[in-house]
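Colleague: Residue numbers (the numbering used here), protein chains in the order written: chain P, 1 to 358; chain R, 359 to 898; chain H, 899 to 1109.
To be clear, the hints were calculated from the coordinates, so they are not data collected in a lab. Careful, some of the hints might be misleading.
As the list claims (entries may be wrong) - Partial pick of chain R residues on the chain P-facing surface, computed with a CB cut under 10 Å:
#  : residue
1  : A518
2  : E538
3  : V541
4  : L561
5  : E564
6  : D653
7  : A656
8  : T657
9  : Y662
10 : F722
11 : I879
12 : T884
What the hints assert, rightly or not - Here are the simulated lysine to any residue pairs, SDA-like style, with alpha carbons at most 20 Å apart:
#  : chain 1 : residue 1 : chain 2 : residue 2
13 : H       : K1038     : R       : E501
14 : P       : K155      : R       : F540
15 : H       : K1038     : R       : K878
16 : P       : K155      : R       : D562
17 : R       : K494      : H       : K1038
18 : H       : K1038     : R       : K436
19 : P       : K155      : R       : F535
20 : R       : K436      : R       : E376
21 : P       : K155      : R       : D514
22 : H       : K1038     : R       : G586
23 : P       : K206      : P       : H357
24 : H       : K1076     : P       : I84
25 : H       : K944      : P       : K206
26 : R       : K702      : R       : K713
27 : R       : K567      : P       : L158
28 : H       : K1038     : R       : H594
29 : H       : K1093     : R       : T507
30 : H       : K944      : P       : L72
31 : H       : K1038     : R       : D495
32 : R       : K802      : R       : F776
33 : R       : K878      : P       : A166
34 : R       : K878      : P       : D327
35 : H       : K1038     : R       : S560
36 : P       : K155      : R       : D570
37 : H       : K1038     : R       : D497
38 : P       : K155      : R       : R402
39 : R       : K802      : R       : F707
40 : P       : K155      : R       : S560
Beta carbons: idealized from backbone N, C-alpha and C, even for Gly.
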Amino acid sequence: MFEISRLTGWLHELLSSFMPGWLTTTVECVLIGAVILVLYALLALFYIYFERRVCAFFQCRLGPNRVGPLGLLQSFADMFKILIKEIISLKNIDRFLFALAPYLVIIASVMAFAVLPWGNGLQIIDFNIGIFFLIAVSSIGVLGILLAGWSSNNKFTLIGAIRSGAQMISYELSIGLSVLTMVALAGTMSVTGIVEAQTDLWFIFKGHIPAIIAFIIYMIAGTAETNRGPFDLPEAESELTAGYHTEYSGLHFGYFYLAEYLNLFIVSGVAALLFFGGWAPLHIPGWEGFNGVMDWIPSWLWFIGKAIFLSFVIIWFKWTFPRLRIDNLLALEWKYLLPINLFNLVLMVVVIIYGLHF
Amino acid sequence: MEELQNRIASQFPQATFEAGEYLLVNIDDAHWHALAAYLRDNERFDYLISIVGQDWNDAFGCVYYLTNTFTRVILSVKVTTTDRENPMLHSVSDLWAVAGIYEREVYDFYGIIFINNPDMRRIFLRADWNGHPLRKDYDASPEANPVPTENEETDDTTVAYVENEKGEIVKEERVVFAPEEFVVNIGPQHPATHGVLRLRTSLDGEFIKKIDLYLGYVHRGIEKLCEGLAYPQMLHFADRLDYLSAHQNRHCFCLCIEKALGLEVPRRAQVIRVIMDELMRISSHMLFAGTFCMDLGATTMLFYTLREREKILNIFERTCGARMTYHYNVIGGVAQDLHPDFVKDVKAFLPEMRKSLKEYHTLFTGNVITEQRMIGVGPLSREDAISYGISGPSGRASGWANDIRKTHPYSIYSELDFEQVVRTDGDSFGRWMVRMDEVLESIKIIEQLIDNIPEGEICAPTPKVMKLPAGHWFQQVEASRGAIGFYIESDGGTTPVRVKINSPCFPLAGIVDHLTRGAKIADLITIGGSLDYVVPDIDR
Amino acid sequence: MGVKKNKGITVQGMPYEDWKDNEYIESLVEELKANGTNVVVGSFDKLINWGRSNSLWPLTFGTSCCAIEFIALGAARYDMARFGWEVARASPRQADYIMVSGTIVHRMAPVLRRLYDQIAEPKYVIAAGGCAVSGGPFRKSYHVVQGVDQVIPVDVYIPGCPPRPEAMIYGVMQLQRKIKVERFFGGVNRKEKIKKFFEEHPAPEAKEKNN
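Using the sequences plus the hints, can you model the full thing?
Modeller: What follows is the structure in structure tokens.
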């Protein structure tokens, strides 16, 4: 069984064999940072390609297939293009905030990206409040969007930003509550702790009814958090041209574009972590042979596989449903999801106290 | 007709009458408004079809076409003014809401000022345009109006010419948008406007307070171009007006000319024309369905409906040789005979279309989000639909049975068995469903005809040099988006004196403001999409 | 004239020999190579041109009939997504080229110019259809611009009324080929011509707008 933890362990020993302790730490930090950024970029490029292909197949089309084998290099070409595209400087804008906004969005998403449990022992830092940290940093993104919309000095972006603010703040509640439901079941906020609690059975099976309700709500709210259809009001193309990033060009736009796709990964990654056992393989109590086979698949593959599958579901939503209107959107959250969620939390607590879970 | 003439004559002794295709009433401007009010209130001429501005060199004037939506009688009224320097007529925009934009169009093209019209700005051309292009003495040299390089100035005010108690005409400035209003400029380049339409929208948060309409971003001057061309030459403009009802538009143009010439179209050509019209209607409604769903955010539907549209285009392409501008109808018949596989192709296509319609309803119509977005959005009452001249599927969704194929049957429609789809919802959902049901009716029509295409000539013999007798003709046809009307006036020569295209989309654009008051931005998209206007047809 | 084979200057799925206008591309290559190229810079150029030419994002823009054919180009039958052109951006800031599909009239001309000015460099223009190329069937009209090249510099012309989607694909591919013989570092052959165009057609004075 191949695990990346062995590689990292070997690297750590190698570095500390000829370096003092502080230097080892520094080098490792830099290395980790570089690895995260590269992984982030690669995953985003993969996701762009993935979504374009998937939506093409939904629409009886082929999707990108000319640039490189099977069109795999398409998003690389897009990246090169965006990197050297002109960044237009505008008059009458708040220059500092205008330039800051895309970085805020991308930093929020990189930070959330960093705490995801990639595999057995393959995690940058294991907080005891890991999941709390994840929710906290991922909500910085909305600040970037608000700033982008406001600082562009454009009415369309302003409407997009305000919509986004209303939407994100509302759906943050649902995300928080459904995460809380699962944290109650796990009994810990540590990401590793949550995964380890699921090594025997995934939470979606263990917590049965309340877990499934929480999962559905999480997926709805998560889709809304990433500003994806049917909740893509902040950038509703047919209403607001390109929404909050209408005025952004070149690399700045590229950041929004990357962050959008990466947030998709993060949302599905967190869903995989909370409901499908993170990197934990599929185990069914009693079936030892089956569990052994499942263990043989590396843990990081489990995690990425689950995340991509959940992303596929979210992409499926997007290309099936029409967009909601802003009042429907808010009504859905405040009138339905939030009460259901609160009730569900109580239900989960009851299930835990009376030991009704598997 | 006789009785109507007598009644009008007893009320308005100064009116003179001309018999013709439709009864024509001549009236002077001073009594015009009173006559109009009488016609609307007492004779129930509640639908103003068209206002045709005219320049007869010695006089300016307008021909109004009116219909009674109950008895379906069409009446025309001619009002003239001899003042060339400062022509003025009385407005009827208080009686028929659609007259508001029709009069602006006449003002734009002829410079006739309409007294009491609340908004007398140019509608198609820029405010700084020199002259009025459809006047016979218009200076058409490019030096008079070079391609502008300066951005357009938009004023927040408009002018109105109001008659006060003393009978004097006073120019008034009126405010469209107050300085403190939050005005968003939607268009001319905006993905939701289906082309280059410009809606200056005053917003209060997400709510729309008012919309000011700007047209003319693809005004191509087709009416003026027609005046210099022979009759067969100008037919091709019909395909490019509303390119999604190319066959119907051209059918209408041909019918109008054939009516003037007194040509009898062979039966085979008539059947072919009807089949083509209905196929075109299906393809147009498919594109409507796709773009409407895309506006609502359901992009995938676009690809599904376009898949069906491509099948129709294949059929067209085999017979007409083009995908969009077919040039198929000609005066007296059709241009080429059908492709040998035509019948087979159409028969293969119709069942597929029925199946696909079911698929669309499963995917889109039954969706909860869709229903929330459409039901109750942009309600339009029957009275408003008639007053604003909303013909076609959008009008029928409001309970107004206005299908020209039934009300004034042309070609062989009177022999066919089909229903006109009328719904009473009046909202965006109704407009969507009417179109979807119309597709079924069109399939029914084609199924009746496809096995019964008679043998024979495809085109009646026509003179090499086509001259229409002096006179004027007006013909309407049910295009995909409503009643398209062609008005041709001839002085007996080879070229027309005046061609007026009464497009169905122009009133549709005019009603956007009325429908969106108090709605949300997202509703504007829904309403605009459900009205399904085609901008080149509005602008002509 | 012996045509040299620059096999690289083609698009995936289209053999070099099948292009009808290789002489023109060869002349562009000649022009490029006239001053010689640094090896490192040259290969960077190749990379950049590869990226640019394979990632052409159109601006959603259309005025009349040709716009419907442009939609058909995106739909399943012609599927421009295969080449990576389907990312139609509604905001000109993020688009790479503008396909002027449809008639441009006097009232639209300044708007089109403004849209063009809003697109970030490098930007390209394709004039699709008779109306955009020369005014087409409406050439004699009082309100139609006789060819969009009076307003903005055009890279590729696609005739037709409207051009078939196949013709549009060919047109965009020609644009891709043109991009492949550009130079990013040092003089860009295309820039010179555009500079001349803008000297003749200066931008409208940027007026302070409230909206």
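Colleague: Now tell me, hint by hint, if it's right for this structure.
Modeller: The hints, checked one at a time:
1. A518: The hint is violated - R:A518 has no Cβ within 10 Å of chain P, the shortest such distance being about 29 Å.
2. E538: 14 Å, violated
3. V541: 8 Å, holds
4. L561: With a minimum Cβ separation of about 8 Å from chain P (threshold 10 Å), the hint on R:L561 holds.
5. E564: With Cβ-Cβ at 6 Å, under 10 Å, it holds.
6. D653: Where the cut-off is 10 Å and the nearest Cβ of chain P is about 5 Å from R:D653, the hint holds.
7. A656: 4 Å, holds
8. T657: Given a least distance of 7 Å, the restraint on R:T657 holds.
9. Y662: Since the shortest Cβ distance to chain P is 8 Å, the answer is holds.
10. F722: 7 Å, holds
11. I879: Since the shortest Cβ distance to chain P is 6 Å, the answer is holds.
12. T884: 8 Å, holds
13. H:K1038 with R:E501: Given that 20 Å is the threshold and the Cα spacing comes to 14 Å, the pair holds.
14. P:K155 with R:F540: Roughly 9 Å separates the two Cα atoms, so the pair holds.
15. H:K1038 with R:K878: Roughly 42 Å between the alpha carbons, so the hint for H:K1038 and R:K878 is violated.
16. P:K155 with R:D562: 12 Å, holds
17. R:K494 with H:K1038: 16 Å, holds
18. H:K1038 with R:K436: 31 Å, violated
19. P:K155 with R:F535: 16 Å, holds
20. R:K436 with R:E376: 10 Å, holds
21. P:K155 with R:D514: 18 Å, holds
22. H:K1038 with R:G586: 10 Å, holds
23. P:K206 with P:H357: 6 Å, holds
24. H:K1076 with P:I84: At roughly 18 Å apart (the allowed maximum being 20 Å), P:I84 and H:K1076 satisfy the hint.
25. H:K944 with P:K206: 55 Å, violated
26. R:K702 with R:K713: 18 Å, holds
27. R:K567 with P:L158: Holds, at about 18 Å.
28. H:K1038 with R:H594: Holds, because 14 Å separates the two Cα atoms, which is no more than 20 Å.
29. H:K1093 with R:T507: The given pair, whose Cα atoms are some 18 Å apart, holds under the 20 Å limit.
30. H:K944 with P:L72: 19 Å, holds
31. H:K1038 with R:D495: 17 Å, holds
32. R:K802 with R:F776: Distance ~7 Å between R:K802 and R:F776 Cα, so the pair holds.
33. R:K878 with P:A166: Within the cut-off at roughly 16 Å; holds.
34. R:K878 with P:D327: 9 Å, holds
35. H:K1038 with R:S560: Violated: H:K1038 and R:S560 sit about 38 Å apart, past 20 Å.
36. P:K155 with R:D570: 17 Å, holds
37. H:K1038 with R:D497: 13 Å, holds
38. P:K155 with R:R402: 46 Å, violated
39. R:K802 with R:F707: 13 Å, holds
40. P:K155 with R:S560: 11 Å, holds
The earlier numbered hints that this structure contradicts are 1, 2, 15, 18, 25, 35, 38.
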